[in-house]
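The listed protein sequences correspond, in order, to chains A and B. Our numbering puts the first residue of the first sequence at 1056, with every later residue one more than the last. Our numbering puts the first residue of the second sequence at 4, with every later residue one more than the last.
Treat the hints with caution; some may be incorrect.
Rough simulated footprint, nothing fancy, chain B against chain A, three-plus residues with beta-carbon under 8 Å [what the hints assert, rightly or not]:
id, region
1, 1097-1110
2, 1121-1133
Pairs of lysine-lysine, DSS-like flavour, derived with a Cα cap of 25 Å [stated by the list, open to error]:
id, chain 1, residue 1, chain 2, residue 2
3, B, LYS129, B, LYS285
4, B, LYS285, A, LYS1158
5, B, LYS328, A, LYS1158
6, B, LYS129, B, LYS116
7, B, LYS269, B, LYS129
8, B, LYS116, B, LYS64
Source of the hints: derived by calculation from the structure; they are not laboratory data. By construction, the Cβ of each residue, glycine as well, lies at the ideal position given by its N, Cα and C atoms.
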Amino acid sequence: MAMPHDVPTAAQLIESVREWLEKDVLTSTTGRVQFHSRVAINVLAMVERELAVGEQQALDHAARLAVLGMKDDAELATAIRNGDLDDRFNEVVELVRASVLDKLAVANPSYALPTLND
Amino acid sequence: MREHRGVTTTVSPLEQLSEALRTELGAKAVTDLARLSGGASRETWSFKADDRPLILQRQRKGDTRDMGVEARVVQAAFNAGVPVPELITNGSGDIGPAFMILSHVEGETIARKILRDEQFADARTKLVAQSAHALAALHSIDASTITGLPSIDQVQQYRETLDNLNQALGQAHPTFELAFRWLERNRPTSTRTALVHGDFRLGNLMVGPDGLRAVLDWELAHIGDPIEDLGWLCVRAWRFGASQPVAGLGDYDTLISEYEKASGLKVDREVVRWWEVLGTLKWGIMCMIQTSSHVLGMSRSHELAAIGRRVCENEYDLFVALDGKW
């Protein structure tokens, strides 16, 4: 989708704030404020990752839902709860698992264990 | 303000509390009164009564929860040989709407220090076995002797909590629905009931260089399947970044075999897994509760906001715990 905005991009703007937090704020604070600037750095890094891969992840997620004939997570959650997908349980598990790995790749990529990584 | 020999003096809340403690304990002097921590509903204080170090736990004003149940549980655990602080007294009045005074046990509760500091190297080799032995002793208590203990179906409780959160946040979690489905279909059939601690993990264990010194925080004690305590101890959040499955310190076999040895009862590994899955699901829902207080505006904070994106860590952990078990 074409955007009317000038450079920097949204990702570059966020990156600039994150770099300032890392260079100046983290080093000149202590205790609670330093902890909260560390949290802020993590949050911005997360948003940067989402901006980089979010569009592709949305397409992949929609494709997985389509395999199961579902329009969104709410419909899928209800179907699982009602047992409507019990005869396709293992297939559902694999598709939901793939979406969780995508979420984790944005939220906290270092959390995944080597054994359950794709 | 009070009148004393014609001079008006201000009595600080600290002095008031100190005086109330002195009266309660019949002590000559109360000294070194200091606040250690405060949660939303209760505060912990340390002080000395005639030089004996003690701990005060008290409910905040407006919290009507009865600490009497917790006091009876601590006393019963003490009698059963579980390492716990000694209950000195409990009640309600000037000290607080509800309070307990306990003996002070020296040691460390911060999980990351216990898992990493050199001084706990020896303790780390003993803690899983000591935890298993403490749990076996606590689960041997006749729970019918303690009045007022709650007994709740946690699957149903967290089902309702998740429904409310999903509605409030406008979200759905297919992974949690899969986990609920699995929990329903694999619910352990033959369980015994016992006194369950309800939050047995690093953070609630007082540890010294010699190992486990006291089991703390009995606030969530209830009647239920005792294996809940074993499963909760294996939830990944309680490994605090360490790799070993049991509290970041040991493996499942050690926990189970030491518990079997101490209790004389067989433990089904699959029942431990069932409770670990429920515990992981509970922790995920607790993350949603935390982020909802930011999103819904009760407590605006980027830290609480970020916790919402930790929900998928718990979803991931559910896939690890259930790998090959669906």
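Going down the list of hints, with the structure as the test:
1. Restraint check on the region 1097-1110 of chain A versus chain B: 3 residues with Cβ-Cβ distances below 8 Å, three needed, restraint holds.
2. Under the rule that three or more residues need a Cβ within less than 8 Å of chain B, the assignment of the region 1121-1133 of chain A holds, with 6 such residues.
3. A threshold of 25 Å between alpha carbons decides the hint, and for LYS129(B) with LYS285(B) the separation of about 28 Å lies outside it, so the pair is violated.
4. Simply put, LYS285(B) and LYS1158(A) have alpha-carbon atoms about 19 Å apart, close enough for the 25 Å limit, and the pair holds.
5. Distance check on the hinted pair: LYS328(B) and LYS1158(A) sit about 23 Å apart at the alpha-carbon level, within 25 Å; holds.
6. For the suggested pair LYS129(B) and LYS116(B), the alpha carbons sit about 16 Å apart, so the restraint of at most 25 Å is met.
7. Note on LYS269(B) and LYS129(B): the hinted pairing holds, with a Cα-Cα distance of about 21 Å set against a maximum of 25 Å.
8. Taken as a hint, the LYS116(B) and LYS64(B) pair is broken in the structure, with Cα atoms around 33 Å apart against an allowance of 25 Å.
The structure shown violates the earlier hints numbered 3 and 8.
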